[in-house]
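Student: So the chains spell out like this:
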Amino acid sequence: MEDIDILASVVFQIGPVAITSTVITTWLLMAVLGLFAWITTRHLATQPGPLQTALEGVVASIEQAVAAVAPQQAQQLMPFIGTLWIFLVIANLSGLIPGVHSPTRDLSATAALAILVFLSVHWFGIRTQGLKRYLRHYLTPSPILLPFHLISEVTRTIALAVRLFGNIMSLEMTALLILLVAGFLAPVPILMLHIVEALVQAYIFGMLALIYVAGGLQSQQLRQKTKE
Amino acid sequence: MELNWSTFILEILNFLVLVWILKRFFYRPVLNVLARRRAGIEKILSDAKTLHHDAEALQAQYRGRLADWELERQQAREQLVREIEEERAQRLAALQSELEQEREKARVAEARRQSDAMHKAEETALIQAARFASRVLGQVACPELEEKLLGLVIDELPQLPAEQIAALRNNRGQIPETIVVASAFPLSDSQRQKLRKALIATTGTDLPLHFEQDVEILAGVRITIGPWVLGANLRDELRSFAEFAHDTRYS
Numbered sequence: 012m013e014d015i016d017i018l019a020s021v022v023f024q025i026g027p028v029a030i031t032s033t034v035i036t037t038w039l040l041m042a043v044l045g046l047f048a049w050i051t052t053r054h055l056a057t058q059p060g061p062l063q064t065a066l067e068g069v070v071a072s073i074e075q076a077v078a079a080v081a082p083q084q085a086q087q088l089m090p091f092i093g094t095l096w097i098f099l100v101i102a103n104l105s106g107l108i109p110g111v112h113s114p115t116r117d118l119s120a121t122a123a124l125a126i127l128v129f130l131s132v133h134w135f136g137i138r139t140q141g142l143k144r145y146l147r148h149y150l151t152p153s154p155i156l157l158p159f160h161l162i163s164e165v166t167r168t169i170a171l172a173v174r175l176f177g178n179i180m181s182l183e184m185t186a187l188l189i190l191l192v193a194g195f196l197a198p199v200p201i202l203m204l205h206i207v208e209a210l211v212q213a214y215i216f217g218m219l220a221l222i223y224v225a226g227g228l229q230s231q232q233l234r235q236k237t238k239e
Numbered sequence: 222m223e224l225n226w227s228t229f230i231l232e233i234l235n236f237l238v239l240v241w242i243l244k245r246f247f248y249r250p251v252l253n254v255l256a257r258r259r260a261g262i263e264k265i266l267s268d269a270k271t272l273h274h275d276a277e278a279l280q281a282q283y284r285g286r287l288a289d290w291e292l293e294r295q296q297a298r299e300q301l302v303r304e305i306e307e308e309r310a311q312r313l314a315a316l317q318s319e320l321e322q323e324r325e326k327a328r329v330a331e332a333r334r335q336s337d338a339m340h341k342a343e344e345t346a347l348i349q350a351a352r353f354a355s356r357v358l359g360q361v362a363c364p365e366l367e368e369k370l371l372g373l374v375i376d377e378l379p380q381l382p383a384e385q386i387a388a389l390r391n392n393r394g395q396i397p398e399t400i401v402v403a404s405a406f407p408l409s410d411s412q413r414q415k416l417r418k419a420l421i422a423t424t425g426t427d428l429p430l431h432f433e434q435d436v437e438i439l440a441g442v443r444i445t446i447g448p449w450v451l452g453a454n455l456r457d458e459l460r461s462f463a464e465f466a467h468d469t470r471y472s
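Residue numbers (this note's numbering), protein chains in the order written: chain A, 12 to 239; chain B, 222 to 472.
Chain B extracted, bound-state conformation (with noise of 0.2 Å):
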């Protein structure tokens, strides 16, 4: 147990040496290694970090996104349903309009409904006026009747607007050689002349009469001249009353 210099000199030289040797050549080296991969891991850690990070930032902008788009829809949805309530209040109206149209010419087709069928009762109403006028007049037409109304055609020949005394004379060049008159009872000699007279008075011309006798005119005359017909008979103004009618309804 005796203490020797030497190796306690040597000893501790060789320790140090051991201490040099072991750090340059075991502990820098695994050191090192493990500094490397420490720094290898710190950097993967920071790139997940810096990962995870960007993935939270790109959440964050998706969320914030989703809520814009949900609140675009929600305007967009809420903009699709005032425009359907303005297209359907637009559609409402113009349906309600159209209705309205239909109901006034419903109403006017049914005032017109009502003005025909009242013209159509009064034109049968006239016809049938007229048919009993014409059979009562039937009944009590005679010569003397007839008589009454040649002087009447023979007064009013004179006074027929001057236009259309104007008008016979001036076509008189279309007009066929005769007039023909015709009558429901057979006319005297007297009636003829007189008749004769007014005729040239009117006509302007000496034109030859042709006298037919037509039972059908009931009482009264008809001069044709040409395409011109006078009716001065009984048959042609109850004609002329129920057409009269008729124009009446139309005009």
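So here's chain A without its partners, still in its complex pose (with noise of 0.2 Å):
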């Protein structure tokens, strides 16, 4: 596999710290998505124009999209979801451009990503709640069910890893088959199935982390509700 270059690669080291080609393309994608950011945002007037109508379309979604899961933590959840939906549209869909690989088709920043996902919702609950109330939701409705907490919390964040790495790696995957096998052009269409996947794929993502996210939030808030 390390032949045709399919997996993440080593390009230089620092110490003990290896900086792989995931990492470089991320620190490309973030450079063009500041890059970006600053340049369009420098002068945003009130009456817009095409581009920033577009930008604030993009902001103005997200928003309306946390704020329909977890209404009352919205501007709270929504730099974290809404940076997760647009680096993981465009890491996806940078598999696309030829000599680049997608930084999601490395197990190891997919893992990062749901480890921040699993990280943020323990976050995001203690520091709405307190930590004492926070943890009392793993004893509901009963004590027996903390194990099942536990193996769910660990299991949903491996799966949130696994899956987009998966699906990820393998459209990459199989497109390079295609072109060993059939040649030029021919994973034309796989890449148009690869331009859906990375969308659908962006999209449940950072609809799984937030309602990760508004679930340990909103399930301590249903209680102290139906206590009052």
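A few of these clues could be false.
Every beta carbon over 10 Å from chain A, so not counted as near; a handful from chain B, in silico [to be verified]:
(1) 263
(2) 269
(3) 276
(4) 284
(5) 320
(6) 322
(7) 384
(8) 398
(9) 401
(10) 429
(11) 431
Okay, the calculated bits of chain A under chain B, using three or more residues with CB under 8 Å as the criterion [as the list claims (entries may be wrong)]:
(12) 37 to 46
(13) 85 to 93
Facing chain A, according to a computed beta carbon distance under 7 Å, are these residues of chain B, among others [stated by the list, open to error]:
(14) 236
(15) 242
(16) 251
Just so you know, these hints were derived from the structure itself, not from any lab.
We put the CB at the ideal spot given by N, CA and C, even for glycine.
Build the complex: two chains, separate frames, hints provided.
Tutor: What follows is the structure, encoded as structure tokens:
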């Protein structure tokens, strides 16, 4: 597999830290996104042009989607969930560029994002409700369910990472195999499928992250309302 | 499918940095613009609501004012109708009064006309009676009657009112030199002497008498002393009768 360069390779090493192509691609994407954001938002006007209208549409859509699931914490969750969506769309689609591999075809990257989602669930839950009250939800409705809660936390995080990694990696591998077997332009239909799959996977990952975070917030709130 | 821990940690850091970058350079500016636009829209909506409320208040005010105007108009119309009725009643009363006055005037005029006609008829009757009496007396006039009338004058002269006798005597200077005595029939000398004595006794002076005959007086005498005329004849008596009737009418 390493021969066909489908997996991430170490480009250079800084001491014990190995800088892989995934990291470099991520840095490039971050630079492009940051530069694009900085350039396009320098002179925002009250009367928007076409580009500003598109940017406002993106932000408003993300805000509405987050508010639809967690209306009370929409302002807190929007940057994290919105960045997940934007980064995953760009990262998934970057595999279409010749010579560039999507960072999300690397399990290390998807696991990092999954861990961030895992941590953010607890971060937002503890921040909103406090540690004691947040941890209490693992004992509800019965302490017997505690192991299942813990297993669920681990498995859904692993599933989150592996789902995205498997889909993107398999798409790129399929396109590469078809290119090797059938030749130039043969994998174009697979690339079309890649576009759809990239958007769908980005949406699924972001939406699941949003639901996990919102679930951690609202389970305790529902209990409080029930008690009241 | 192995996990590279360097990549894993760097990806975590990368993503956190990306969150910060997008939050700082993308979400915040765009959300600020959206917030400003929402605030502007809210302000416009608020202004529109305020305008709407003001317009509704104005509408209610104008409706109230229109209702007041309508009420005032109705009251003014009722007042006008009342004034017209009062004016009409007053004018009808005035017209009725004027009509009554005109009727009274017409009635008085009619009564006066009837009275005038009656008096005229009476006067005409008197004139006719005087003419008839003149004609009758003219036929029965004779020296004897004249003598009787002369005797009546001679008897009556001393019995004239004292004022009249005093006036005859005081105004004597204005009397012509003679006293004219007209008679229908020639007077005898004795009659003339009796008359002279009576006149001297009345006037207090002996003026020459001028006797003349005037058949128009039918019978009797007419004594003219300057402006004074003493009639004791049928003609003057009849004329006096007619003038009395006339004077009685217009007195």
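Student: Confirm or reject each hint.
Tutor: Do the hints match the structure? See the list:
Residue 263 (chain B), annotated as away from the interface, keeps every beta carbon of chain A farther than 10 Å; the closest lies near 13 Å. A cut-off of 10 Å between C-beta atoms confirms that residue 269 (chain B) is not in contact with chain A; the least separation is 18 Å. Residue-level check passed: residue 276 (chain B) sits 27 Å from the nearest beta carbon of chain A, beyond 10 Å. Remark: the non-interface label on residue 284 (chain B) is consistent with the geometry, its nearest Cβ contact in chain A lying 39 Å away (cut-off 10 Å).
With a minimum CB-CB distance of about 88 Å to chain A, residue 320 (chain B) clears the 10 Å threshold, and the non-interface call stands. For residue 322 (chain B), the condition that its CB be more than 10 Å from all CB atoms of chain A holds, with the nearest at approximately 92 Å. Distance to chain A confirms residue 384 (chain B) as a non-interface residue, since its nearest Cβ pair spans about 132 Å, more than 10 Å. With a minimum CB-CB distance of about 144 Å to chain A, residue 398 (chain B) clears the 10 Å threshold, and the non-interface call stands.
Residue-level check passed: residue 401 (chain B) sits 142 Å from the nearest beta carbon of chain A, beyond 10 Å. Against chain A, the non-interface label of residue 429 (chain B) holds: every CB pair exceeds 10 Å, the least being about 149 Å. Distance check for residue 431 (chain B) against chain A: the nearest CB is about 146 Å away, which clears 10 Å, and the non-interface claim stands. For the stretch 37 to 46 of chain A, the proposed coverage by chain B is satisfied: 5 residues have a C-beta within less than 8 Å of a C-beta in that chain, meeting the threshold of three.
For the stretch 85 to 93 of chain A, the stated coverage by chain B is satisfied: 4 residues place a CB nearer than 8 Å to a CB of that chain, which reaches the threshold of 3. Because the beta carbon of residue 236 (chain B) sits about 6 Å from the nearest beta carbon in chain A, less than 7 Å, this interface hint is met. A cut of 7 Å between beta carbons decides the hint on residue 242 (chain B): the least distance to chain A is about 4 Å, and the hint holds. Among the interface hints, the one on residue 251 (chain B) holds; its C-beta lies about 4 Å from the nearest C-beta in chain A, closer than the 7 Å criterion.
Of the numbered hints stated above, none is contradicted by the structure.
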